[in-house]
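**Student:** Residues per chain are reported as follows:
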Amino acid sequence: MRNTLKVLRAERGWTQNDLSERLGVSRQAVNALETEKHDPSLDLAYRIAALFGLSVEAIFHNPHRPAA
Amino acid sequence: MSVAVLFPPASRRYILTSVVTAVLYVLSIKAISWGQSQLDGPLLWAAILVPVGCIAVQLWATLRLMAQVDEFMRALLARRFIIAACLAFIVASAWGFLETFARVDHLPGYMVYAIFWVAFCIVSPFIRSTR
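Those protein sequence lines, which keep their order, are chains A and B. The first sequence lines up with residues 1 to 68 when you count with this note's numbering. The second sequence lines up with residues 1 to 131 when you count with this note's numbering.
If you're looking for bench data, these hints aren't it; they were derived computationally from the structure. Note that the structure is a prediction, hence the values are computed from the model and not measured. Worth double-checking, as some hints may not be accurate.
What the hints assert, rightly or not - Below, a sample of chain A positions facing chain B; criterion: calculated Cβ distance under 7 angstroms:
1. T15
2. Q16
3. A32
4. K37
5. L51
6. G53
7. S55
To be verified - Straight-line distance between alpha carbons at most 25 angstroms, and here's what the computed SDA-like set of lysine to any residue pairs gives:
8. A:K37 to B:L65
9. A:K37 to B:M66
10. A:K6 to B:D105
11. B:K30 to B:D105
Unchecked claim - Quick partial rundown of chain B residues pointing at chain A, CB under 7 angstroms, derived from the structure:
12. Q68
13. D70
14. E71
15. F72
16. M73
17. T130
Using N, Cα and C, we set each Cβ at its ideal position, and we do this for glycine too.
Chain B with its partners taken away, still in its complex shape (with noise of 0.2 angstroms):
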């Protein structure tokens, strides 16, 4: 089987993006962590939309993915993301909960969108049919 069969130009537009999003996003993140003691201010607000950018870029190229697939593999990516999204929130609610009342560590806001991520990997090998 061709590589056009297995990855259609809407897939590797997708793989395109979300591997530059990821790449840009953890190099942002170091940077930041890197150069905190001299950001400051207006240039550490900018410097915190670049990561936050990768994410919307990310979840922008998911949605056109499924605007651009079939009917068949738009249903079952939207299935797949609601219920990934729908236990993302289960566990960083759990985790607040935990926080609040638990003492446990805490856990930065943003890590609900790798949750997310995860949660979306695990449940796709289940979810395989629309009905």
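This is chain A alone, in the form it adopts within the complex (with noise of 0.2 angstroms):
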């Protein structure tokens, strides 16, 4: 699933290794959500966006929403 996770943590000048601290989760788990070999869970999907203050499809691609 396309996503801006890469550039939201680059611009917190966190590691991958930090961002699997802060959510929780394994560093590969941080590294297959940026390369889009893991869509994450709902739950997932809504503590990441809790950690950015962001919306989930602000992060997430909805590829299921028609372009406007």
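Each of the two chains sits in its own frame; use the hints to bring them together as a complex.
**Tutor:** Laid out in structure tokens, this is it:
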């Protein structure tokens, strides 16, 4: 799933390890999310959104929403 | 990178359980084959429960690891586990047909467990995505 996780993380100067600790997941999980090898569960997507203070759709592209 | 990051507690418990059960599995099979002439009846059946128990504990440890890791690792392990199990079924079934119809050498049923883990090791480097 396309996302802006890597950009958001870089803006805060966090490493993948920093983000993984903040989210309570492994560094491999963060890497998999950033490289689109894993689609997050709704729970993890909400945790990520809460951490960055954004909506889920501001971070993860919704492929089901028609383009405006 | 520290050992704690590379091997979190759940992974360390899994590795320890796997090593202990693997050693006990091999030793128990050696002991049973060495003492086969002395063992008989219920004692032999009880002895056979040792390697069987090792397999059960090792599988339980694998499922426990899946329950304790994060969602990405859980999904990854589950995919690898399922595909390895499918391959083990296919190989064991194919060998069974070969035994029945092509008279190839007999493969003991317990080898399916080893085949499963060989398949797991083979498929793991290729399954790196949960999608």
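**Student:** Taking the earlier hints as the rules, which of them does this structure contradict?
**Tutor:** 1, 2, 5, 6, 7, 10, 12
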